[in-house]
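There are 2 protein chains.
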Amino acid sequence: MVNETQHTCSASSSSRSDGGSSSGSESSKDNSRCSTPVLDADRHERLREKMRRRQDAGDKWFSLEFFPPRTANAAVNLISRFDRMGAGGPLFIDVTWHPAGDPGSDKETSSMIIANTAVNYCGLETILHMTCCNQTKDDITGHLQKAKRLGLKNIMALRGDPAGEEWEEEVDGFNYAVDLVKHIRNEFDDYFDICVAGYPKGHPEAESYEADLRHLKEKVFAGADFIITQLFFRPETFLKFMKDCQAIGITCPIIPGIFPIQGYHSLRQLVKLSKLEVPQEIKDVIEPIKDNDAAIRNYGVELAVSMCRELLDSGMVHGLHFYTLNREVATTEVLKRLGIWKEDPRRPLPWAVSAHPKRRVEDVRPIFWASRPKSYIYRTQEWDDFPNGRWGNSSSPAFGELKDYYLFYLKSKSPREELLKMWGEELTGEESVFEVFTCYITGEPNRNGYKVTCMPWNDDPLATETNLLKDQLEKVNRRGILTINSQPNINGKPSTDPIVGWGPSGGYVFQKAYLEFFTSSEIVTALLKVLKKYELRVNYHIVNVKGQNITNAPDLQPNAVTWGIFPGREIIQPTVVDPVSFLSWKDEAFALWIEQWAKLYEEESPSRMIIQYIHDNYYLVNLVDNDFPLENCLWQVVEDTFELLN
Amino acid sequence: MVNETQHTCSASSSSRSDGGSSSGSESSKDNSRCSTPVLDADRHERLREKMRRRQDAGDKWFSLEFFPPRTANAAVNLISRFDRMGAGGPLFIDVTWHPAGDPGSDKETSSMIIANTAVNYCGLETILHMTCCNQTKDDITGHLQKAKRLGLKNIMALRGDPAGEEWEEEVDGFNYAVDLVKHIRNEFDDYFDICVAGYPKGHPEAESYEADLRHLKEKVFAGADFIITQLFFRPETFLKFMKDCQAIGITCPIIPGIFPIQGYHSLRQLVKLSKLEVPQEIKDVIEPIKDNDAAIRNYGVELAVSMCRELLDSGMVHGLHFYTLNREVATTEVLKRLGIWKEDPRRPLPWAVSAHPKRRVEDVRPIFWASRPKSYIYRTQEWDDFPNGRWGNSSSPAFGELKDYYLFYLKSKSPREELLKMWGEELTGEESVFEVFTCYITGEPNRNGYKVTCMPWNDDPLATETNLLKDQLEKVNRRGILTINSQPNINGKPSTDPIVGWGPSGGYVFQKAYLEFFTSSEIVTALLKVLKKYELRVNYHIVNVKGQNITNAPDLQPNAVTWGIFPGREIIQPTVVDPVSFLSWKDEAFALWIEQWAKLYEEESPSRMIIQYIHDNYYLVNLVDNDFPLENCLWQVVEDTFELLN
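In order, the protein sequence lines correspond to chains A and U.
Reminder that position 110 of the first sequence reads as 110 in the UniProt record's numbering, one-by-one numbering, no gaps.
Reminder that position 611 of the second sequence reads as 611 in the UniProt record's numbering, one-by-one numbering, no gaps.
Worth flagging that the hints you see were computed from the coordinates, not collected in a lab.
Please read these numbers as outputs of a predicted model, since none were measured by experiment.
In this text, a Cβ means the ideal position worked out from N, Cα and C, and glycines have one as well.
Mixed in with the good hints there might be a few duds.
Under 10 Å between C-beta atoms, here's a sample of chain U residues computed to sit facing chain A [what the hints assert, rightly or not]:
(1) Lys475
(2) Asn491
(3) Ser505
(4) Gly506
(5) Phe510
(6) Val538
(7) Ile565
(8) Phe566
(9) Arg569
For reference, chain A alone in the conformation it holds in the complex (with noise of 0.2 Å):
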């Protein structure tokens, strides 16, 4: 928004119902389905109403801005920054619009598709922003219906920069973001939240501080339910805007826009841009360390902190908005320091939860897709209807094919020489490969010295509840038990716990102790035997790339392996070992041998033929135990196993 453009205005009402034909189908296919308990207000709420919640209860929060990356690869990057970004806890993020970078395509760089991905895949609540100059309204009707369909829900209305140097208003065309905000309203009634822009300085282009600021009121009039400022340097300014607003009858929230001065020459092409003006006592500073990028950065941190601070404590913000220019070190250090940046939020489930508004209900997910949320997201983006609570009749729809494994929000976040490197240039028998699975569990470095970080299955290190189990992991991983998946039993921990809590607080988790592993048919064989002994006990799913399938579970129901019970609550039960889903995983588990291991070597190669064989013989092996307060007895089965072999 740093670089936009704005002019005119007219007259609506502020607070609307919670109607409009799409949000009345959306409920009422809701009704025709069980209720999911409301672990988090947040989900339900749109975000004009978790901002009122937050601001009623005197929380202050931050949202985040972003633009859209320009390769496939900086939108890998930009996604994991999401990722780790949000752990922060924003209240929302924003995306701005590029009009010459195709902004509204299916491109993976564009605008609506890192919005998209954002909402979906990240689970972030996300603005997108749209400008309207030199646009037809069904360029701009065909924009809004496809963010609608992607599941966004919230727009920052803006005019952009008019083509040409002069600009000229066009009869009956969109000259002016409150053109947009009318046509939002009228087309699409209540079902976008709407945000527009405001100037603590005023518009440059506008004829005067007054003229903006009625422009300004227009916009709100005609619909747009809070606003966002273009960055300033002195808080007063901001402080002074608010009220000047205030006075004219602009009663939405009005969000300061932060910028925190992260370099001399960033900060100079913004202010060309935005045409401010950087105070004297600003350049004072900067100027003399303009070569000096640490020192400036401390300096711009320093002054944000001071700056949020005092607009805090005036009382009259709420929530801080940061230009990020798409860092994330100067605004993650302001957070902090700030005290507003909640790393690890409570979660409501174990696993992160969708921001799409159909996915919004969604509380239970088979467990094989733990370490691949996105994969999970992608191949069930079909489905009309997410399973709440039980898992119920949502094993039917079918899964979508993962065939697109380069889909930038799937692939992994390392290039292949850095692959090769993990995994091995290299490999000179099925050993490696257990080494490989082994320097993962342990962190240690490889044979070469580097450490393995990701694997197939795991686009991340361990997580640190997997961490409690690593030296049995390691264990078997070594004599090839190649673990992909696991958790530990639990028998009733606060929900608070720092490592398996989720939920609301005062509730007691539960897990069913679960791993999962590639393994040899030798060892499959001698497996069965041993699990004969704990028929009553463990459930197991053992399947091949053939999906020839051995189980001992005597229906086709899924097993309930995550629980949590709360005060005032029915029972959550977030995490299933369904055996249905478990055949489609199947596919993809065995598949990513290939796809993201084998293909990193030359076809013939040694290497890729030890993968191939790997892939073709292996089974893949899920184990339960079910007695959740006894003592976890898979690492039994496994040493059990191991012995009759010997």
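Take the given structure of chain A and dock chain U to it, following the hints.
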């Protein structure tokens, strides 16, 4: 069936697909909602499938035949007998059809309504007998449609006794049982399981034993699923009959009808009706002791036990059908001695499951009706759908009004005089009422020497589980906390626990402590102060008859208070405290003061005014201690309340 007659037959298949328009639409409705965990395969099988499964598993079983009572009071007694004998685990019961007693009507003594009550209110798999002679096709179809509507799934197809002495075939009418079998299959496809009668000695009116066997074969081939035989006196009679049936190609199950001799006169009458001859060896024993009822009954039990043993030992018999003559003692004793009476067989859920096909997936109910399950069933009989797994949006269907407190399956088993003895001929104040509650809890006689074995809210003596809380309950009732429902907290007891267990073995059951009581407004005022201390731990709902409602529940969500974790299953939460249905329960609970208690006394009498005062001024309170792993704090809450009052 003892006095039934039958004649001719024809041809058909014995195993049919489970299709049919009616069952088809039923299953599609199932698909539109969450699946239910199949806790007990029994609940989802047709009678013929249950029979087959029990036979395949080598499980011996029994069934019980009853006839409809003549008076409403006898109906109340019969229903209690269903409940008591149902506890022994019959595979089914059957209710005979008495053409003279308006068997298809809505009278509480009709065959139809008794069968309906057995299925819906007692949760018993039930066969309704139906005879066809002297009835029009439309009458029969009407009866069958009604049976279907009421949830009956099994018909015993019989000819019935001709009206006059000399029986004549009607052209185009129903002349033989086989006509009825064919009619059922024509009109209702495979909806009903059909049973027909077999005569081990041949039907008295048949041309010959062989001709009668051929008639039986025709009935089976017309679509009957199994055969129950007329009574007989010697095991070899049945075993020969069975072999003869098999020899001519009858392969369906044949269940021997067992008649334990219970008295001289009933035997003589039966013999007359059934045109059977009592073997000389039996006559020789009975005649000398014909005036000694006890001796005859003992002999009858011995005889039945020894005959049943021989049948079961033959390996040809898997189930035994008992002609109870609506009596309990002899049959129960035979069954116990045979070891096939299974008192308290494993409960699939903590409450008795209804046998109505529409309710077969029901697996959660509000706790409030725990002691009044029949009222709950009555008030929800119009629901199309039963909540399964979660209470969910089934809290929206309205509860039916409960105005018919005197419906025979809802009314107290005790007559007015007995109730007065228990609850007081004359009340002198609220304290007299406290005393009644206290005596009910302790089991001690009241001041007039009578034990209080029921209350308006509890038709039966204290449950074993509630007994765990007896001491505390006594203490609080004495002081005016008039408890009507409670359960202790349970933190993971085995599902096989004899007192609190339910569901399949290998699981763990849990409960939150629950306490529900009436109490005065003075106590409520103090209680509310005390509850502030327990705000985060205890959920409460406090309401008076006018509906004034005080609660700390943040929203209208249900609180699961009973749940179970089982191997290879989803979580089951069969009991919830649901704030929405609590308001319906409140009306019923308050009305019971008036309907069942106040109305025992003359209008304007002091006793009646005391009850009326309580009804008008007391509050109904429910408390849940959410912290199930800790010691139940609800007693401390009550103690703190009394302390505050002092």
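Results for each hint:
no.: 1; hint: Lys475; verdict: 26 Å, violated
no.: 2; hint: Asn491; verdict: 7 Å, holds
no.: 3; hint: Ser505; verdict: 8 Å, holds
no.: 4; hint: Gly506; verdict: 6 Å, holds
no.: 5; hint: Phe510; verdict: 7 Å, holds
no.: 6; hint: Val538; verdict: 9 Å, holds
no.: 7; hint: Ile565; verdict: 7 Å, holds
no.: 8; hint: Phe566; verdict: 8 Å, holds
no.: 9; hint: Arg569; verdict: 6 Å, holds
Violated hints amount to a single one, hint 1; each of the other numbered hints is respected by the structure.
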